[in-house]
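Going down the list, the protein sequences come from chains D and X. End of the first sequence = 181 in the working numbering, gap-free, step of one. End of the second sequence = 430 in the working numbering, gap-free, step of one.
In case anyone wonders, no lab produced these hints; they're calculated from the structure. A quick note: this is a predicted structure, and the numbers were derived from the prediction, not measured. For every residue, glycine included, the Cβ atom is placed at its ideal position computed from N, Cα and C. Just so you know, not all the hints are guaranteed correct.
To be verified - Below, a sample of chain D positions facing chain X; criterion: calculated Cβ distance under 7 Å:
| hint | residue |
| --- | --- |
| 1 | GLU46 |
| 2 | ASN88 |
| 3 | PRO98 |
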Amino acid sequence: MAIPVEGTYGMLAEFETPSDLVRAAQAAYKNGWRRMDCYTPYPVEEAAEAIGFHKNRVPLITLIGGLMGLVAMFSLETWISVLAYPVNIAGRPLYSWPAFVVPAYEWTILWAGLSACFGTLALCGLPTLYHPLFNVPNFRSGATDDKFFLCLEATDPKFEIVSAREFLEEQGPVSVVEVEY
Amino acid sequence: MAHYSHAKVLPADLSAPPMVKAWQARALVVAILFAVTAVVLAFVGGASGWDHLWRGYLVGLTLTWGFSCGGLLMLMLQYVTGGKWGLLLRRPFEAMSRTLWLIILYWLGLGLMLSRLYMWANPGLVKEGVDKGLINTTQFNAIEHCLQWKHPMLNVGTYWVVGAICFAIWFFYTSRLNAMSLQRDKDTLAATPYWIKKFENLSGFGIVVYSLTMTALSIYWVMSTDVTWYSAVYGLLFLVGQAYQVLAFAIIVALALSKVEPFKTILRGVEQYDLGKFTFAFVMLNMYIAFGQFLIIWSGNLPEEINWYMDRINGHWGIICTIDFFLHWLIPFSLLLSRDLKSNKTRLTRVCQIMIVAKAFDLFWLVEPSYKDAARNLHFSWGILEYIAVPVAMTALWVACFCWELQRRPVVQVNDPHLAEILEPEHAVA
Numbered sequence: 001m002a003i004p005v006e007g008t009y010g011m012l013a014e015f016e017t018p019s020d021l022v023r024a025a026q027a028a029y030k031n032g033w034r035r036m037d038c039y040t041p042y043p044v045e046e047a048a049e050a051i052g053f054h055k056n057r058v059p060l061i062t063l064i065g066g067l068m069g070l071v072a073m074f075s076l077e078t079w080i081s082v083l084a085y086p087v088n089i090a091g092r093p094l095y096s097w098p099a100f101v102v103p104a105y106e107w108t109i110l111w112a113g114l115s116a117c118f119g120t121l122a123l124c125g126l127p128t129l130y131h132p133l134f135n136v137p138n139f140r141s142g143a144t145d146d147k148f149f150l151c152l153e154a155t156d157p158k159f160e161i162v163s164a165r166e167f168l169e170e171q172g173p174v175s176v177v178e179v180e181y
Numbered sequence: 001m002a003h004y005s006h007a008k009v010l011p012a013d014l015s016a017p018p019m020v021k022a023w024q025a026r027a028l029v030v031a032i033l034f035a036v037t038a039v040v041l042a043f044v045g046g047a048s049g050w051d052h053l054w055r056g057y058l059v060g061l062t063l064t065w066g067f068s069c070g071g072l073l074m075l076m077l078q079y080v081t082g083g084k085w086g087l088l089l090r091r092p093f094e095a096m097s098r099t100l101w102l103i104i105l106y107w108l109g110l111g112l113m114l115s116r117l118y119m120w121a122n123p124g125l126v127k128e129g130v131d132k133g134l135i136n137t138t139q140f141n142a143i144e145h146c147l148q149w150k151h152p153m154l155n156v157g158t159y160w161v162v163g164a165i166c167f168a169i170w171f172f173y174t175s176r177l178n179a180m181s182l183q184r185d186k187d188t189l190a191a192t193p194y195w196i197k198k199f200e201n202l203s204g205f206g207i208v209v210y211s212l213t214m215t216a217l218s219i220y221w222v223m224s225t226d227v228t229w230y231s232a233v234y235g236l237l238f239l240v241g242q243a244y245q246v247l248a249f250a251i252i253v254a255l256a257l258s259k260v261e262p263f264k265t266i267l268r269g270v271e272q273y274d275l276g277k278f279t280f281a282f283v284m285l286n287m288y289i290a291f292g293q294f295l296i297i298w299s300g301n302l303p304e305e306i307n308w309y310m311d312r313i314n315g316h317w318g319i320i321c322t323i324d325f326f327l328h329w330l331i332p333f334s335l336l337l338s339r340d341l342k343s344n345k346t347r348l349t350r351v352c353q354i355m356i357v358a359k360a361f362d363l364f365w366l367v368e369p370s371y372k373d374a375a376r377n378l379h380f381s382w383g384i385l386e387y388i389a390v391p392v393a394m395t396a397l398w399v400a401c402f403c404w405e406l407q408r409r410p411v412v413q414v415n416d417p418h419l420a421e422i423l424e425p426e427h428a429v430a
């Protein structure tokens, strides 16, 4: 039974080395492509730069998370020691901030870490149960292992099946495959 | 067209660029200017001016010692841990360690000032303090007790013996590591595993020995300015402080060198960013230990310990302490959080400069309140400017010496497996 085809997601090129991928991505950006993505088994910063991906909001989310943790714990300690249970400990003032620093610091780290982790997942749109690229056999077998991919997406105004394929084939890939939804 | 190599080629000439000579000349001029200023200030300030000159000298000695022996420490740390960042900084570290002779000269100079700096070297200082009404009876009893109790360690004879032993050990490690590094460069690449092991074995033990010996001298030079006080973490605090200042200085040097060959080729963005992260770790560790010491003493609130902090917080010293906190931790910490800043050469250099100033400022805060005329009493005198003049003069002379040492060798070590990696494009490795 033939599976109904819903359309083209993009054109995927496979590369042997990160250098080849980066050069192809740079060429594509220079050529006017914008809707594209790189897939690598480990972070390749230059590939992200090559496709014009400069900033993400993870640092900001982490900073806000960290500051929230700091404020939350410091306020909690202050409330406990000054208002809720004003106990005289060794004659020190109720508001003894040096003693509050360590837990406040720990909560800063904890909240910053959790924010970074979940913020990254959220910004990446994870967990995602399905992605069209899973249809490509060599992507399934190599994207998390030792292969480097560049995908020109069909949403790019420049996208046209024949020209996209031609362009990618000029970049010296191992293979170029059309990806369907 | 698929797979050709993108690796860069190492320049043929690996010697230090001519600008290092210019730095050396500039540093010498600064050293002379500030040395003259220091003497003028001492005359203007009278007796207190001269006393402050000696104290400034102590700060200068401790600071330059941190650069020189800290360089040895980081060199050993690098040999033990490996890593590509080390290949960049090995020669600068070596040059720092080879300035040891200047520190020995400084140390001999300190010997002439012992009687004006340390109560254990000159009990007359105690009497002087009592006569001037700066030391009360309780303090006098505590000082007398401590002087007696600590006499086996804190006396002039032991001071010289311990110092001589420490410097002899550091001289041994410095000369061995520096000599072996040249031998390694002459050897074949096939022999590299042998050299890596050899350096590792020498350095691993060396770090332990260095940590112990530097603890001894940090106690003699700085902690014993207040004979009544003690802290078990003091040596570690200085150890981490040395890594802090050396890393900051090494980054400044590497980034300045990267304007021209050969560092232009070998300094990649990745390693620069890694060095920034490494520095961030030391900024954190430094504060961690410093605050840990404070928190423990604050919690204990014991009369033998807490006075040291009271001397450094009360009587307007709290202002200095707060500025120290900002310079030493808050500013570098906040700035180094930024990913963009660590990749920006100019800004990273600025942060490292702040860190070095912070180190000198911290030493001022550690040393000056130990003396009874300044304890819990921050006040202006002409003498206090010696804390700028003398350390700047001594550090500038040290920088000139460092530049001279840096020119004596190629600035890149070649016989290293990391060299091939460092010449590759940044995205080539995970």
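We went through each hint and held it up to the structure:
| no. | hint | in the structure |
| --- | --- | --- |
| 1 | GLU46 | holds, 4 Å |
| 2 | ASN88 | violated, 14 Å |
| 3 | PRO98 | holds, 5 Å |
Of the numbered hints given earlier, the model fails hint 2 alone.
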